[in-house]
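Visitor: Listed below are the residues making up each chain.
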Amino acid sequence: MQHNTLIVVSEKEIQNCFEGDKAKEILFDRIIEKDFILFLKGKGSLQYYPTFAKPFFKAKIEDGILIKGVEGSKTLRIIFNGEAEKSYNLFLKYLSEYNNRMR
Amino acid sequence: MGAITKVYLNNAATSYPKPETVVSAVSRFINSMPFHSSRSGFSEGKDDILDACRKKLASLINTKKQSNIIFTSGATESLNLAIFGNRFSEAHIITTAAEHNSVLRPLKLLEKQGKISLDIVEADSSGIINPKSICKKINKKTKAIIVNHCSNVTGLGIDLEEIGQITNSNGMKFIVDASQSIGSINIDVEKFSIDILAFTGHKQLFGLQGIGGIFIKDDLSLEPLKVGGTGVKSELLFQPDYMPVYYEAGTQNYSGIVSLNAGLDFIFETGIEEIRNKKNELFRFLIQEMANIPGITLYSDNSREKNPVLPFNINRFSPEDTVYILENSYGIITRSGLHCAPLIHQFIGTSPVGCARISLSYFNTFEEIEYLIKSLKEIAT
Chain F
1 MQHNTLIVVS EKEIQNCFEG DKAKEILFDR IIEKDFILFL KGKGSLQYYP
51 TFAKPFFKAK IEDGILIKGV EGSKTLRIIF NGEAEKSYNL FLKYLSEYNN
101 RMR
Chain Y
1001 MGAITKVYLN NAATSYPKPE TVVSAVSRFI NSMPFHSSRS GFSEGKDDIL
1051 DACRKKLASL INTKKQSNII FTSGATESLN LAIFGNRFSE AHIITTAAEH
1101 NSVLRPLKLL EKQGKISLDI VEADSSGIIN PKSICKKINK KTKAIIVNHC
1151 SNVTGLGIDL EEIGQITNSN GMKFIVDASQ SIGSINIDVE KFSIDILAFT
1201 GHKQLFGLQG IGGIFIKDDL SLEPLKVGGT GVKSELLFQP DYMPVYYEAG
1251 TQNYSGIVSL NAGLDFIFET GIEEIRNKKN ELFRFLIQEM ANIPGITLYS
1301 DNSREKNPVL PFNINRFSPE DTVYILENSY GIITRSGLHC APLIHQFIGT
1351 SPVGCARISL SYFNTFEEIE YLIKSLKEIA T
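In the order they appear, the protein sequences are chains F and Y. According to my numbering, the stretch in the first sequence is residues 1 to 103, in order. According to my numbering, the stretch in the second sequence is residues 1001 to 1381, in order.
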């Protein structure tokens, strides 16, 4: 049975002028679906625009972490406002929690 | 309207697509046996690509001195040569708030080192620099005026002829950054009394990234940024002191020069007027349509004839989010931020976060603009 789990297959640091101290672009093994976006809503505040050609979302979770992406895409941008490594580990913890729910 | 998958509207950063003739010229070049420009003569039936390209650049900016055109890696290197090569000492320099960091940072470094005092002329709320404001800053120690011919944030130009008259009559050097304008707006270094003109090849000239150039007037002796092998006069232990080799140490970027040469051919064959008219038509359509979208703020004075660059923001999103949504939800490539020109934003109302920017090319289409407008309506409202 196919599960909607998301596995990070690649990540790279990107330049980010204004939104935070550091930013990473994450590539997943499969596209982001609505259930992941709604999962993020439970972790903080969520802006979600389902009427866009590919729905855009932006979540703000603990540690001032900003997560943005579009539904139907394999990539996600994470912007860190605090200690990047600690914040990224927190994101991975939440991702693991999401994957466990989907299994 | 057919399905559009990707639209490129970031031509002020680098132009895309390149003309087919540029692509094929570069492809031919990298598939050909390397030759040495100063040794091959005419025996292989090849024109010297460097001379051919210099000649076209000289024609484009109206100078007969093609050897005064130096190839560089781009406008940043050209402007570093112009600013550091002048060896300013106890000099007063005037520049403007419309400058790119490729001008501002070298000047601020010289200022920090105590070698120059610097005046930065302010813009009005549209981003326009008044040449008369430049004139007011001139004092006995003023050695140079450095201006951006055309802003990469607003698209607005400055009257080079008026400033050239000022510098000419006051014995100052007139240094122009033509990165955004060359190939799109007529430049006449003789008529405008320009001493140094810096430019890049990968924007309006349709070349590859990594090629640019600088025009240096005869009577100027700049200190080269680099010295070394030139392929000629190898018996000399000092850099040959004639142009262009005085400033061109090291292996030339031949593939870049080939691309630039083909880009210039495209411009001459198409005509600058035709290129400008097409871009103006597209830009007028863009402005007219965008002005009618609620929730969008346009900046600068877009009623003037200018380079087709439009700074804007969507009121409910940050510039970063706007550009991210355009790219990832709609496949439209634009750019956000300060665009490496931090000062102009203080005047046009986009400080401190900057703006999103649309910049058009000759190769954009009305269909693409229509798709952009449709997308922006969905995003903004």
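Calculated from the structure, these hints are not laboratory results. One or more of the hints may lead you astray.
No farther apart than 27 Å at their CA atoms in a straight line, the calculated lysine-lysine pairs in the BS3-like style are these [what the hints assert, rightly or not]: (1) F:Lys54 to Y:Lys1006; (2) F:Lys74 to Y:Lys1226; (3) Y:Lys1191 to F:Lys24; (4) Y:Lys1217 to F:Lys60; (5) Y:Lys1143 to Y:Lys1132; (6) Y:Lys1226 to Y:Lys1108; (7) F:Lys54 to Y:Lys1377; (8) Y:Lys1233 to Y:Lys1173; (9) Y:Lys1226 to Y:Lys1191; (10) F:Lys34 to Y:Lys1006; (11) Y:Lys1137 to Y:Lys1115; (12) F:Lys54 to F:Lys86; (13) Y:Lys1377 to F:Lys74; (14) Y:Lys1191 to Y:Lys1055; (15) Y:Lys1064 to Y:Lys1141; (16) Y:Lys1377 to F:Lys34; (17) Y:Lys1056 to Y:Lys1217; (18) Y:Lys1374 to F:Lys34; (19) Y:Lys1055 to Y:Lys1226; (20) Y:Lys1065 to Y:Lys1115; (21) Y:Lys1191 to Y:Lys1137; (22) Y:Lys1006 to F:Lys74; (23) Y:Lys1217 to Y:Lys1137; (24) Y:Lys1136 to F:Lys12; (25) F:Lys54 to Y:Lys1115; (26) F:Lys41 to F:Lys22; (27) F:Lys24 to F:Lys43; (28) Y:Lys1055 to Y:Lys1136.
Visitor: None of the hints should be skipped; say for each whether it holds.
Guide: Outcome of the hint check:
About 14 Å separates the Cα atoms of F:Lys54 and Y:Lys1006, which keeps this hinted pair within 27 Å; it holds. Distance restraint check for F:Lys74 and Y:Lys1226: the Cα-Cα separation of roughly 45 Å exceeds the 27 Å cut-off, and the hinted pair is therefore not satisfied. Annotation: proposed proximity of Y:Lys1191 to F:Lys24 is violated, straight-line Cα distance about 50 Å (limit 27 Å). Distance check on the hinted pair: Y:Lys1217 and F:Lys60 sit about 56 Å apart at the alpha-carbon level, beyond 27 Å; violated.
The suggested pairing of Y:Lys1143 with Y:Lys1132 holds, with an alpha-carbon distance near 17 Å, which does not exceed 27 Å. Restraint check for Y:Lys1226 and Y:Lys1108: the C-alpha separation of about 22 Å stays at or below 27 Å, so the hint holds. With a C-alpha separation of about 15 Å, the suggested pair F:Lys54 and Y:Lys1377 falls inside the 27 Å cut-off, and the hint holds. A C-alpha spacing of about 31 Å is found between Y:Lys1233 and Y:Lys1173, which places the hinted pair above 27 Å, so the restraint is violated.
Straight-line distance between C-alpha atoms of Y:Lys1226 and Y:Lys1191 comes to about 31 Å, which puts the hinted pair past the 27 Å bound. Restraint check: the Cα-Cα separation between F:Lys34 and Y:Lys1006 comes to about 24 Å, which is no more than 27 Å; the hinted pair holds. Note on Y:Lys1137 and Y:Lys1115: the hinted pairing holds, with a Cα-Cα distance of about 18 Å set against a maximum of 27 Å. Of the supplied pair hints, the one linking F:Lys54 and F:Lys86 is violated, its CA atoms being roughly 30 Å apart against a limit of 27 Å.
In summary, the hint linking Y:Lys1377 to F:Lys74 is supported, as the alpha carbons are separated by about 25 Å, within the 27 Å threshold. Taking the CA atoms of Y:Lys1191 and Y:Lys1055, the gap is near 18 Å; set against the 27 Å cutoff, the hint holds. Between the alpha carbons of Y:Lys1064 and Y:Lys1141 the distance comes to roughly 32 Å, so the proposed pair goes past 27 Å and is violated. Only pairs whose Cα atoms come within 27 Å are accepted, and Y:Lys1377 paired with F:Lys34 is accepted, the gap being roughly 24 Å.
Annotation: proposed proximity of Y:Lys1056 to Y:Lys1217 holds, straight-line Cα distance about 17 Å (limit 27 Å). Between Y:Lys1374 and F:Lys34 the CA atoms are separated by roughly 24 Å; this keeps the pair inside 27 Å, and the hint holds. Annotation: proposed proximity of Y:Lys1055 to Y:Lys1226 holds, straight-line Cα distance about 24 Å (limit 27 Å). For the given pair, Y:Lys1065 sits about 31 Å from Y:Lys1115 by alpha-carbon distance, which is inconsistent with the 27 Å threshold.
The suggested pairing of Y:Lys1191 with Y:Lys1137 holds, with an alpha-carbon distance near 23 Å, which does not exceed 27 Å. As the CA atoms of Y:Lys1006 and F:Lys74 are separated by approximately 17 Å, the hinted pair is consistent with the 27 Å bound. For a cut-off of 27 Å, the pair hint linking Y:Lys1217 to Y:Lys1137 stands: about 24 Å separates their Cα positions. At roughly 49 Å between alpha-carbon atoms, Y:Lys1136 and F:Lys12 are farther apart than 27 Å, so this suggested pair is violated.
A hinted pair counts as satisfied when its Cα atoms are at most 27 Å apart, and F:Lys54 with Y:Lys1115 does not qualify at roughly 54 Å. Annotation: proposed proximity of F:Lys41 to F:Lys22 holds, straight-line Cα distance about 22 Å (limit 27 Å). Our distance criterion of 27 Å between C-alpha atoms is met by F:Lys24 and F:Lys43, whose separation comes to about 19 Å. About 38 Å separates the Cα atoms of Y:Lys1055 and Y:Lys1136, which puts this hinted pair outside 27 Å; it is violated.
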